[in-house]
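In order, the protein sequences belong to chains A and B.
At position 130 of the first sequence (counting the first as 1) the number is 130 in this note's numbering, and the numbers step up by one without a gap.
Converting from the second sequence to this note's numbering requires adding 235 to each position, the first position being numbered 1.
The hints are simulated quantities; they were obtained by calculation from the structure and are not laboratory data.
Errors might be hidden in some of the hints.
As the list claims (entries may be wrong) - Within a straight-line C-alpha distance of at most 35 angstroms, the following computed DSBU-like cross-link-like pairs (lysine-lysine) qualify:
hint	chain 1	residue 1	chain 2	residue 2
1	B	Lys261	B	Lys324
2	B	Lys324	A	Lys218
3	A	Lys211	B	Lys324
4	A	Lys211	A	Lys146
5	A	Lys146	A	Lys2
6	A	Lys218	A	Lys146
7	B	Lys324	A	Lys146
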Amino acid sequence: MKLLVIIPAYNEAASIAAVIADVRAALPEADIAVVNDGSADATAAVARAAGPDAVIDLPVNLGIGGAVQTGYLYAARGGYELAVQIDADGQHDPRELAHILQPLCEGRADCCIGSRFLQRTGYRAPWNRRLGIWFFTWMIRWMTGKRFTDPTSGFRAVNRPIIELFARDYPEDYPEVEAIMLLERRGLRVCEASVVMRGRQAGRSSITPLKSLYYMLKVTLALCITRFRDVSAVR
Amino acid sequence: MNVYLAAAVFSLSFVFVSIELIRRQKLQEQYALLWLTLGVLMTAFSLFPHLLQWLSQAIRVYYAPSLLFAVGLLFSLLFILHLTIVISKLQRRLTRLVQEVALLEAHRAEERSGP
Chain A
1 MKLLVIIPAY
11 NEAASIAAVI
21 ADVRAALPEA
31 DIAVVNDGSA
41 DATAAVARAA
51 GPDAVIDLPV
61 NLGIGGAVQT
71 GYLYAARGGY
81 ELAVQIDADG
91 QHDPRELAHI
101 LQPLCEGRAD
111 CCIGSRFLQR
121 TGYRAPWNRR
131 LGIWFFTWMI
141 RWMTGKRFTD
151 PTSGFRAVNR
161 PIIELFARDY
171 PEDYPEVEAI
181 MLLERRGLRV
191 CEASVVMRGR
201 QAGRSSITPL
211 KSLYYMLKVT
221 LALCITRFRD
231 VSAVR
Chain B
236 MNVYLAAAVF
246 SLSFVFVSIE
256 LIRRQKLQEQ
266 YALLWLTLGV
276 LMTAFSLFPH
286 LLQWLSQAIR
296 VYYAPSLLFA
306 VGLLFSLLFI
316 LHLTIVISKL
326 QRRLTRLVQE
336 VALLEAHRAE
346 ERSGP
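The shape of chain A in the complex, shown without the other chains:
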């Protein structure tokens, strides 16, 4: 199966090389595409030196949604059957990739999300982060009846139909939760697999208190709208 690992990176020069090396070691047969989202630091140069199959340099910063979608566009045009997205900050351990790929390889799911909370993994998120995750878990459960323990996780694998869907239609900013709803609305099978996550290896989270408030409001609105949007309508 032709597999692409998408690594969106914004100012992650300190950790990107290690992530690429780890992915290479964990999945030697996979292709790696780094999407550099207009970083101000040396992310692009460091990534290139690490030798992935492609470094896609966005000329301006698009935000995580636009960057990830570029990866899916690349996957769609390259004829990849599976795609995985993984954070460039080292939070996601590439050795866990096999776990989130397994349900797809077995044909049990169309999308599999790596969850920190499905089983006790010793990972402790800060309380405010946990509160947000709990809120979205509750909201998705209320709207779809399905329980996702880690809806904000950006560690996920998808198959060909979803690659094509995401290449056309992917939320702009803070896309993770909204994407689940998008898939659920189209009747695609989304599941979770338990993964161990590390703390970020370098750099800082982009989320500030004011941004979290915007995050909550924006994602809540987007969830409601996606819930009631005609699924055949393409934006």
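Use these hints to put chain B onto chain A, whose structure you have.
Quick look at chain B alone, frame taken from chain A:
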């Protein structure tokens, strides 16, 4: 010079400027349509003040000028809404354009390093 005359002169020049902007292609017709409508309305009201009087009486507005404010405010809101719709559309197009440029560039780099 009374206020009606001043208003008429202002409104007419407003319409004139709008048309001129379209002619010089500084303003696309689809956006100009709203401006022209506003200009024509303003001209009509300033040339025929009784129109406003009559209209406000017809819809039971006791102080005629307040109708003017209400219409102006509504029009401004409408225009801002229109602009945010346009911006959203542009944003989507820009995102796709940036993505395409980046993919093309990556493709070119691949070909250079390849055979």
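When the hints from earlier in the document are held up against this structure, which numbers fail? Going through the list in order, the structure violates no hint and respects every one.
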